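Between the sequences and the hints, there should be enough to build the whole structure, so can you do that?
As given, the protein sequences belong to chains A and B, one line each in that order. Residues 1 to 206, numbered by the numbering used here, are exactly what the first sequence covers, in order. Residues 207 to 317, numbered by the numbering used here, are exactly what the second sequence covers, in order.
One thing to keep in mind: the hints can contain errors.
To be verified - In silico contact screen, one side only, chain A against chain B (beta carbon under 8 Å); selected entries:
hint, residue
1, V51
2, A146
3, I191
Said to hold, decoys possible - Just the calculated beta-carbon pair ranges, DEER-fashion:
hint, chain 1, residue 1, chain 2, residue 2, range
4, A, A23, B, T282, 15 to 23 Å
5, A, T44, B, I262, 14 to 22 Å
6, A, N55, B, Y241, 40 to 48 Å
7, B, F297, A, N55, 20 to 28 Å
Just so you know, these hints were derived from the structure itself, not from any lab. Predicted model only: the values in this text are computed from it and were never measured. We treat Cβ as the ideally placed atom computed from N, Cα and C, and that holds for glycine.
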Amino acid sequence: MTALTNDHDLHDHDDHHHHEAEAADRYVFGFWLYIISDCLLFSTLFATYAVMGQNFANGITPKELFDLNFVAVETALLLLSSFTFGMAMLGANVENMAKTKFWLIITALLGLSFLGMEIYEFVHFSHEGATPQTSGYWTSFYSLVATHGLHVTAGLIWMFFLFIHFNRDGFSNENKIRLSCLSLFWHFLDIIWICVFSFVYLRGAM
Amino acid sequence: MSSSETGPGGQAHGSVKEYVVGLILSILLTVLPFYLVMSGVGSDTFTVIAIVVAAIAQVLVQMVFFLHMNGSSEQTWLTVSAVYTVFILLFVIVGSLWIFEHLNHNMLMGH
Chain A
1 MTALTNDHDL HDHDDHHHHE AEAADRYVFG FWLYIISDCL LFSTLFATYA VMGQNFANGI
61 TPKELFDLNF VAVETALLLL SSFTFGMAML GANVENMAKT KFWLIITALL GLSFLGMEIY
121 EFVHFSHEGA TPQTSGYWTS FYSLVATHGL HVTAGLIWMF FLFIHFNRDG FSNENKIRLS
181 CLSLFWHFLD IIWICVFSFV YLRGAM
Chain B
207 MSSSETGPGG QAHGSVKEYV VGLILSILLT VLPFYLVMSG VGSDTFTVIA IVVAAIAQVL
267 VQMVFFLHMN GSSEQTWLTV SAVYTVFILL FVIVGSLWIF EHLNHNMLMG H
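Written as structure tokens, this is what we have:
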């Protein structure tokens, strides 16, 4: 992980680089452990959703509401944003700040569009009579999908602050670690969305 | 822990080609289940199995091409923790469904 070492070190021997790279790896691994605990959080939400799958309490059903064309666009936005974050990482590999920032902005715009669509969808569903209070099914639906949406919101706020850090300190060691962790987080959110569109929307629309 | 954890988000890995391949595979694995459900060509059982298989495949694709996980000896701890997580996920989800299936069954028998 040589790219994570800092070129502006006063002590420029390999030993020092080695220690810094190890420290950076530990940070990223620590964040990876957080991602794992987040996986467990989502697993309980998916389990609740699966258990509540048919509990409509004579209320409106997902089959009447889900619009797969709409979900396909949401999916495309999030998948593309995962890809554009990858492009930002490649920019950071060669310490190209303009490239990194450009792709980060594209990623943020895609994420914002996704979030906007999700909020619109929730408002629309509520107007049609599907609120979290409607039935066990809709409680578990909103818990699961909105928790994912909250994570996307957190990722966008994080991106905003990382941008400020980049303006202030450029490619410092700390900023590279922050970018690596945010990259993990963002790809993780797309992986969760794969499960959401497959098991919630596609299955619910059948 | 080994000296380097060039794992998910690790900057030493990754190329444009890798990300493009990941993107194309992800698009294919997304379009396929959407097409099956929206067109209704297959039987329900077939479609459900296809959704599950496509989802698992796409998760794996993104772990390999976007998170750069490769199971190498440098990533031992990542691999171990990921496998551990999969087990816990299965316990939680399959276990919950199993328990509630039994509960539903027993409640109906009481009537």
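For each hint, the structure was consulted:
Because the beta carbon of A/V51 sits about 5 Å from the nearest beta carbon in chain B, less than 8 Å, this interface hint is met. Evaluation of the A/A146 hint against chain B yields a violated restraint, the C-beta minimum of about 19 Å exceeding 8 Å. With its C-beta approaching chain B no nearer than about 5 Å, A/I191 sits inside the 8 Å limit, and its interface hint holds. Taking 15 to 23 Å as the suggested C-beta distance range, the pair A/A23 and B/T282 conforms, at roughly 19 Å.
Judged by the Cβ atoms, the range 14 to 22 Å given for A/T44 and B/I262 holds: they are separated by roughly 20 Å. About 29 Å separates the C-beta atoms of A/N55 and B/Y241, a value inconsistent with the hinted range of 40 to 48 Å. Between B/F297 and A/N55 the C-beta distance comes to about 23 Å, which sits within the given range of 20 to 28 Å.
Going down the numbered hints, you'll see the structure goes against 2 and 6, while the others check out.
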